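*Asks:* Numbering-wise, my numbering comes out as the position in the sequence shown, counting from 1, plus 228.
Please keep in mind that the hints were generated in silico from the structure rather than gathered at the bench.
None of these values were measured; they are calculated from a predicted model.
Built from N, CA and C at the ideal position, the CB exists for glycine as well.
Keep in mind that a hint or two might mislead.
[As the list claims (entries may be wrong)] Calculated cross-link-like contacts (lysine-lysine; reagent style DSS-like; alpha-carbon spacing at most 25 Å): (1) Lys-473 - Lys-294; (2) Lys-364 - Lys-294; (3) Lys-410 - Lys-382; (4) Lys-364 - Lys-382; (5) Lys-443 - Lys-471; (6) Lys-471 - Lys-294.
[Claimed, not checked] Just the calculated beta-carbon pair ranges, DEER-fashion: (7) Val-647 - Asp-347: 43 to 53 Å; (8) Pro-465 - Lys-294: 17 to 27 Å; (9) Glu-432 - Gly-653: 28 to 38 Å.
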Amino acid sequence: MKPSGFDSGTAPGLAVITNGMFMIRPLLSMLLAQAWLPPLAAAPPNVILINCDDLGYGDLACYGAKDIRTPNLDRMAAEGTRFTDFSVTSALCTPSRAALMTGKYPGRVGLATGVLRPDARDGLAGAETTMAEVFKGAGHATGCIGKWHLGFVKGMRPMDQGFDSYYGVLHNLDHFETDLFKGEGGMPVLRGESVERRPAVPAEMTGLYTDEALKFIESNRDRPFFLYVGHAMPHLPFDASPKFKGRSGRGLYGDVVEELDDSTGRILETLRSLGLAENTLVLFTSDNGPERRTPGTAAPLSGGKHTVFEGGLRVPCIAWWPGHVPAGRVCREMLTTLDLLPSFARLCQVPPPQGLDGLDQLDLLLDAGARSRRTTLFSLYGYKERRLESMREGRWKLHLLPNQMLFDLQADPGETQDVSGGHPGEVARLTEAAALIRRETVGGR
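Given only the sequences and the hints, what does the whole structure look like? Please build it.
*Replies:* Here's what the structure looks like:
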């Protein structure tokens, strides 16, 4: 039962709707903790979270792509659930990953704007509880493979944030970052804290990360584990291994996506062959929408990375767990990366950390008839001198910066018709809601 007066679609400690008005409810985090109940399960399952980089909503065949073949992801969707309203909090790498790992708006953890470069001295503070630490507290082995982008100095790296092991490149592979390593032999690929090879070669990364994922699964087959795979692709400069070049109908970009599909298929097949499929939840998603300088697409949505249009925030998400996640379901309920950490906490039968903006949405993952507990999402994009904001509540989405525009996502998911002139009440209400969240998460900046 939800506490009386509780709006489960609103972030804890932020705004709730009472008689159509938004107000601060400081006790929401406490109420959520009181409402938490563990599921009836003999033992918590393994969890694998696959996070691509700049993959668009329309880049997979099961999401409408006609020129890219993704048979493994199509099968994953047929055997599991495909979400059509799954969103990130920011269409930019570092803020998006901060929200994913902590279940908090990125501004609440000091990473609301900008991208961390290799020479950055700041990052995700060690005091924050990460997804990995939740799993580790439940007795899982924890592994991080691939891109991190949440801090590069001691105390902020993956193995300082709850992961038992790390393999990969902490950064992007674009020239803004690789140029900083020219005098050292190129961008390093790390194993733990040690450099294993230089330079990191874009065409090799998907294969390397997949091989490491299979090794991790095999070595932890007899104990519960959490594996995070942060692919480097299809972020610029994207490239595919020779086996996949020239295969797709969308040039090299499509080749890269088809290799990501093959990678996912190899992971799922390994789980099947080891007898782990029925005890492993796998989620496949992306950190934000497609970079507009690439052939990536968010169709039928508008915009992409570096925007607060749905094409930047709404990304593919497929959940797979045979016998538990409903097979062949297309879920149109609202779900966000903020919600994964508290959902995983319940799955592991441990209480979630306090002060989260995410909501326990485990029922939405496992129950075909479940409805979303979320109705609101505040999105902030800030990079260099550019700042964009949006506030969503149900079907209504208000763009606040640089210009106010109101869209009815139910009638117009592509955000093509500004209806702010006909709905001044919605504009005022969402403006107030955004101001409340902004004050709590980014200090009113």
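*Asks:* Hints first: check each against the structure and report whether it holds.
*Replies:* Okay, the hints, checked on the actual structure:
1. Lys-473 - Lys-294: 18 Å, holds
2. Lys-364 - Lys-294: The hint is violated at about 41 Å.
3. Lys-410 - Lys-382: 22 Å, holds
4. Lys-364 - Lys-382: 20 Å, holds
5. Lys-443 - Lys-471: At roughly 21 Å apart (the allowed maximum being 25 Å), Lys-471 and Lys-443 satisfy the hint.
6. Lys-471 - Lys-294: Status holds; Cα separation ~21 Å.
7. Val-647 - Asp-347: 43 to 53 Å: Distance hint for Val-647, Asp-347 holds at roughly 45 Å.
8. Pro-465 - Lys-294: 17 to 27 Å: With Cβ atoms ~25 Å apart, the hint holds.
9. Glu-432 - Gly-653: 28 to 38 Å: Between Glu-432 and Gly-653, where Cβ atoms are some 55 Å apart, the hint is violated.
Violation of the numbered hints given earlier is confined to hints 2 and 9; the remaining hints are satisfied by the structure.
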